[in-house]
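Enquirer: Each residue of the sequence shown is one higher than the last, beginning at 1 in the working numbering.
What the hints contain is simulated information worked out from the structure, not anything from laboratory work.
Just so we're clear, the structure is a prediction, and the values are computed from it rather than from any experiment.
Ideal Cβ placement from N, Cα and C applies to all residues, glycine included.
Wrong hints could be hidden among the right ones.
[To be verified] With a Cα cut of at most 20 Å, we get these calculated EDC-like pairs of lysine to aspartate or glutamate:
id: 1; residue 1: K103; residue 2: E143
id: 2; residue 1: K103; residue 2: D87
id: 3; residue 1: K150; residue 2: E184
id: 4; residue 1: K23; residue 2: E11
id: 5; residue 1: K69; residue 2: E94
id: 6; residue 1: K169; residue 2: E158
id: 7; residue 1: K23; residue 2: E143
id: 8; residue 1: K150; residue 2: E172
id: 9; residue 1: K234; residue 2: D177
id: 10; residue 1: K239; residue 2: E184
id: 11; residue 1: K234; residue 2: E207
id: 12; residue 1: K122; residue 2: E207
id: 13; residue 1: K111; residue 2: E27
id: 14; residue 1: K23; residue 2: E33
id: 15; residue 1: K185; residue 2: D86
id: 16; residue 1: K115; residue 2: E27
[Said to hold, decoys possible] Quick list of the computed label-pair ranges, beta carbon to beta carbon:
id: 17; residue 1: A180; residue 2: F212; range: 22 to 32 Å
id: 18; residue 1: E183; residue 2: E207; range: 15 to 25 Å
id: 19; residue 1: Q214; residue 2: P189; range: 44 to 54 Å
id: 20; residue 1: T219; residue 2: E119; range: 39 to 49 Å
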Amino acid sequence: MTLRILIVDDEPLARNELTYLLKRNEEVGTVEEADSIESTLERLLRQSFDLIFLDIHLTNESGLDLAEKINRMPNPPLIIFATAYDDYAIQAFERNARDYVLKPFEEERVKQAAKRAAESLKSTASSLSESEIEDRTVPIQAEERIFMVKLTHILALEVNQGETTIYGKLREYTVPDSLASWEEKLNSPFFMRVHRSYVVNINEIVEIQPWFNQTYQLTLSNGLNVPVSRSYMKAFKEKMNLLN
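The whole structure should be built from the sequences, with the hints applied where relevant.
Expert: In structure tokens form, the structure reads like this:
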């Protein structure tokens with residue numbers, strides 16, 4: 001697996017250096033940055049991360065306090081403290097930190113921390129059943145509120161004119177985020193892009209009909225019809241075991 005990482009540090013140079021070192025590792029995928037508790041929590045509401053590198057001393061704020069907030073979230077990312085101070089290790093590990101990396105950063109130490117995190121996540125994923133994985137919830141920020149929705153209650157997502165509609169079992173939600181960002185946030189083998197405008201929960205497909213130009217039209221459990229475009233047909237057939 002490749003890690004989706006968020007670096008939280010109020011020093012731009014420290015963020016830039018850590019980003020550079022992390023991206024030199026094959027375990028690392030995307031690397032994003034935040035500089036405060038507020039900006040971190042905003043990102044975590046909109047995007048899913050596997051791992052956070054967290055500084056302890058933020059401007060007028062404490063990374064230890066932020067770690068406590070993160071750990072109260074559903075399915076929190078792993079936390080590695082990245083700091084210039086070596087006397088907070090006990091408090092860090094009391095907050096479920098997976099590692100403690102000191103500044104100035106050493107490339108081999110950063111590489112080791114990222115590799116251990118990747119191995120830990122892989123081990124955890126392999127030990128969970130599908131039902132346990134899919135029982136998780138995701139935050140949906142809409143209508144000036146945050147709805148906590150079970151993954152299994154999301155049927156499909158559709159993008160139209162820059163907005164994404166999330167079709168749930170109980171209601172629909174309209175959010176400004178891209179469809180690609182929601183694919184990453186869902187991070188589930190049961191959600192699949194079938195069209196440039198649609199992602200579907202394959203467990204909610206109740207009917208597959210042949211459609212124009214050797215494509216398919218899907219009917220979901222809520223009655224929604226979703227096209228499968230030609231560019232996604234091969235992958236869809238493989239996923240659904242429809243290959244001849």
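Enquirer: Which numbered hints are broken by the structure, listed smallest first?
Expert: 1, 7, 9, 12, 15 and 19
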